[in-house]
Every structure is written in C-alpha cells, then in structure tokens.
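Spelled out, the chains give:
There are 2 protein chains.
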Amino acid sequence: MKNDLLLKAARGENINRYPVWLMRQAGRILPEYRAVRNSLDGFKSLVKNPDLCCEVTIQPVDILDVDAAIIFSDILVVPEAMGLNYEMIEKKGPWFEKTIRSEFDFKKLDSNIDINDRLGYVFEAIKKTKKELNQRVPLIGFAGAPWTIFCYMVDGQGSKTFSESRKLLYQNPILAHDLLNEITNTTIQYLKGQIHNGVDIVQIFDSWAGILPKNQYEEFSMPYLEKICNAINEVPKTIFCKGAFSSIKNICLLNCETVGLDWTMNIPVVRTIVGEKKTLQGNLDPCLLYASSKNIEKETQKLLDSLSSKRHILNLGHGVYPDTNPENVKTFIKTIKNYEIN
Amino acid sequence: MKNDLLLKAARGENINRYPVWLMRQAGRILPEYRAVRNSLDGFKSLVKNPDLCCEVTIQPVDILDVDAAIIFSDILVVPEAMGLNYEMIEKKGPWFEKTIRSEFDFKKLDSNIDINDRLGYVFEAIKKTKKELNQRVPLIGFAGAPWTIFCYMVDGQGSKTFSESRKLLYQNPILAHDLLNEITNTTIQYLKGQIHNGVDIVQIFDSWAGILPKNQYEEFSMPYLEKICNAINEVPKTIFCKGAFSSIKNICLLNCETVGLDWTMNIPVVRTIVGEKKTLQGNLDPCLLYASSKNIEKETQKLLDSLSSKRHILNLGHGVYPDTNPENVKTFIKTIKNYEIN
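Respectively, the protein sequence lines represent chains Z and B. Numbering-wise, the first sequence is residues 1 to 342 according to the numbering used here. Numbering-wise, the second sequence is residues 1 to 342 according to the numbering used here.
Hints were generated in silico from the structure; no laboratory data involved. You may find that some hints are simply not true.
It does not matter which identical chain is meant; a pair holds if it fits inside one copy or across any two.
[To be verified] Subject to a maximum C-alpha distance of 27 Å in a straight line, what follows is the list of computed DSS-like cross-link-like pairs (lysine-lysine): (1) Lys330 x Lys160; (2) Lys92 x Lys294; (3) Lys330 x Lys214; (4) Lys48 x Lys130.
Work the whole structure out from these sequences, hints included.
Here it is, written out as structure tokens:
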C-alpha cells in the first residue's frame, strides 16, 4: 500500500507524521458529493448503489487528501437487514415504521438471514472501492455499536433522550439483551463480510453511549462491544463511544487497537489511562472548522503539540458538520501533514 | 418553616433524612397540571399567569409530597425580557423568530431594561406562591446559565449540536463575550428579583454544558457562572451543569453550596473531589421511574446506601420525563423519606 500510515498508527508502529481522516468526510461538505446525491431520488438510492458509493467514498481522498477512505454507507443498514426498514427523511433524519418494544415485535424480526443476500450491496461497493483506490490509502469499514442500533430499533427515530430504549432496559432487560445479542451476531457477520471484501480496518460507532448511566452502559453496551472485538481479529479495530466518559477506563481495556475520542474528551487524561497500549483517535471540535484559517492552524497545532505519543490518528471529535467549507478542512489536513513528529 | 430540610442540606447542616424534589416536578406528569394547561391557549399563557403558576407550583407539594416547590416558569423568559420573543411549539420546543448572530443583531437587543417591568409576572407568581405555601416547604427559584441561554439566542431553537452558537465562539469571540455578559447581568437582576420576592434558594441550569470542549466551557461558561455565584449571597445556590464532566473539578470550586449531577455522573467520584465542601444533588436516571415499584425501591435504596455524606439532596439526574406515572414518582419519594441516615 502506498500510504499505510493509518494502519501503522493503529498497530502502534513507527510513523514520522500523524495520519488524518474525518468522520463523515464522504458527504454533504463536498459539492462533488451533492452533485451525485442530487441526481438521485433519496439517500437510500445512493447507499444501495455500489458504483456511486465507490465514487463518493473516493472523493475526499482525491479532493481533501486524507490518509484513508471510509466506505460510504449508513449504520442503519444493519437493522434493515434484520427486517426493520428505515426511511431517511430530509432535515429530520432516520425514521422506522416498525419498532421493537415487545417480545412480539422481536419475534417478527427476520432470523437466520443471509448476510451476503441482505448486505451484498455494501460488499459490492467495498470491492469496487478497493479496486478503484488501487492501494493508495486504506479503506475503513464500519458498523454501529449494538447499543446505538438498539436505540434506533426501539425508539424508531433520532431522539435527545431515547427514553423508549432506556425504558425497555428497566422494564424488560431480558428482551433488551436478546435484541442486543441478535444485533451483535448480525454485526459480526456484517463486519466479517466487509473484511472479506477488502476493508483494511473497522470502526464501531457507539453514538449514543453518553445517554446511559455507567452501570447500564457496562451491562447493555460494553459486553457486546467486547464480543465484537473478540470475534474480529483479521484487521485493527477502532471503538468510538461518544460521551462515555464514565466508562472510558473500561473502554480502554477492550480488545481493540484504537479508541476514538469525542471533542469533549481530554486526550492527555486518556493517554495517562492507556499508556502506550492503545492508539487514540480524534478529537478536534468540528466547530473549529468554522474559524479562520489562522485559527484552524493554531488550534490544530496546539492539539498536535499536546500529543505525547505516536499512537495517535488525527480526526475531529464528531462527524464534520454539513455546512463546513472544504477549504477549511484542507487547512486542517495540511497542518497535520506538515507537522513532523520528533 | 415547617420543613426546611432542603435548605439545611444545602448549607451542610445536620439532617436525619435526605430531602427530595424532582426537576420538572410541576408539569406534564400530573393530570392536575394538564387540566390547567389544557384550559389555556398555550404554554406561555400559563407562564405569564401568576395565579395559575402558583397553582401548578404547589401541585407536586400536595400530590407528590416533595420537600420543595420550584416556581413554575421557563428559562427563556430571560431572552424574552432582553427583547428576543420566543414561541413554544407543541412537540417541537422553543422557537425564536430573531436570533443573535452579528453585532447588528446584538445591538437591537433592548438595553437598560427594567426587570420588574419585564419579569414582574414571575415575581408576582413567586409572591403568591410563597403566601400560598405558608412556610410548608422552601420555594426554589431558577434561571438558565448564560451559556445555555446564549445557545437559544444564537441557534434560535433546540438543537443536538448548537453548531451556530459554537460557530460564533470561533468566529466572533468578542461578540460572544459581549452577549454572555449582557445575559449574565440580566440574570443577576432576575435572580435578585426572585429572591427579593421570596425564593429561598436558587438553581442555575446549564443544560448545554456538555457540548463544549473543556477549554471553551471554561472560557465561555464558567466565568459567567462565577459572576452569578459571586453576585448572589442572599440564599444558597445550586449549579447544575449537565454533561460537563471534563470541568467537574472546577465547577466544584465555584462559590455555590450545591452542585447538581446528571444521571451519567458518578456520585462517589465527585464526592472524592469535593469532600464535605459542597452538597451534591441528584442523580437517579429518570428512566428508572419506568421500572416496577420493586425495582424503583431497590435502585433508590442502592443510591441512598452509596451516599457517604449527609450533604446530599435527592433528585433525578434530569427533568422527570412527561410520560412518567406519578405513582412511580411517589414510590421514589417514599423510599427516600423512609430512609434514615445513620
């Protein structure tokens, strides 16, 4: 591979500069993406079109010069593969017609699904992208964490509190664990399929980690993250648990190479916890990219100067916001690429 | 006062049981509240009606047997007093027609307002409630933290990211500080007015504390909290910064009696930080109140058993959710009232 910095950093190998990519780099910030997206009748038409997924996945490598591509897709393809169809409503987000709130709902989910049959379109996109990338940079695969997928399957839409999901944890913990197990099994199959078709590293997004008390997070999310980490040994794994500060010590004990940090987390504090055992990823405030180039440079430099380990992958602490100017993203990336590690 | 447990606990005086109240206890969980609310043509008609505010403020004291009343109002009366009118849209939340995104917008705010003229309806409600309560329990006054009010004034509505507000911090920090200063000055006047009219303790809600990186939280929120804490010396103060875990040590240094904790915070950890210098308030997961009475009792008992100090006020870690069964709230409260401190 021409540029395998990301993989080296993930595995803790020697690097002379930090690799950088952005969560949601393939997406609305690029006019080239919007041109593709607007030619279609909806978000899902894009997700299910391997040729166009390949095209938008590679756009940020060409345009922004990032050190990795991440396959264009959505974490909600997993509940859909399990039999829970979703719609992506413009300016509102995902919406599920059916939700899982009882054993009856749970039993209606499709069982023993053939992952290649249900999610072959993602695998196809991965194969095409790998070929098209031609070993320029690694390709990242991903999935939602079981807890986060559970939130969408139970609440049926985005929410500030996901109180239906949290209610289920108290009212029917056995059903909750059954559903989490099913999601986990499907997710492992899905990630193995992604790896089989060519991704070089995988990331698990626990976007709603921050809404649970510590004891519940450690009962209803972490065991399933652990199961995934232990099942996937073919490629390095990154675990990103947004807002899960109370459990950060235990997250750092998971069988993964990299721990992602959101922009409210303190890198030096987490470094003290993990020592050199893990690579950390993150965590500039995505709103920094609204600042002037001078300030973007200054703050990025400050973060780089604060790193005390080579085990780091630069990223924002959250997905890049849709109205970010791509020129500002380039300034961020250039600053990192020009920074030499002593 | 017949029951001044809350004030005693706030001041660190000796108590033989923990006081308890609930954030948002006056509100949608009570059918008696909904009856009042439904007789009116909107939320704001209730907020601006001192007689009805008094009525719904006292309902939870009568019905739920809590150890304090909190005046029924909204944190958004402050931006309205400054000249930014808001609407409360059913199932959507607050919405501002005008927002503050430039010096030009800022200059259009009303200056040198007469707080009694603008917010006299709240003071009137407080006076009536104090009289009606007849010294049964303390009356809590409140305001939003300047940073949280800023978020609504800049974004103009609720948001998961408040990216317009955070953008302004990077693009025009001077304007941000000017606006935060204005909000702070109005808030101090407002709290002093509440105290003058009878509230026995005040709470500051920094609901959007958790969306800022530590350095920005300490630049754009904490100095204004500090200014408020230092200006108010007539009654005890509670500071509740939801999600501000990175700054919790510094929050614990503020000149206040009580620090509120959300349900993701770990009480023993914070107790280690504060020792006996502060009272802590919280922090049961509001979703616990969806559980069976048996489990509500068990989990409440567990939290009570985990407290190592008398400096504690029981509460949820967030406002009680609207679809909570009042009977479950009663179970929660009874468990606390039956618990004797050794």
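TODO: If any of the earlier hints don't hold here, list their numbers in rising order.
DONE: 2
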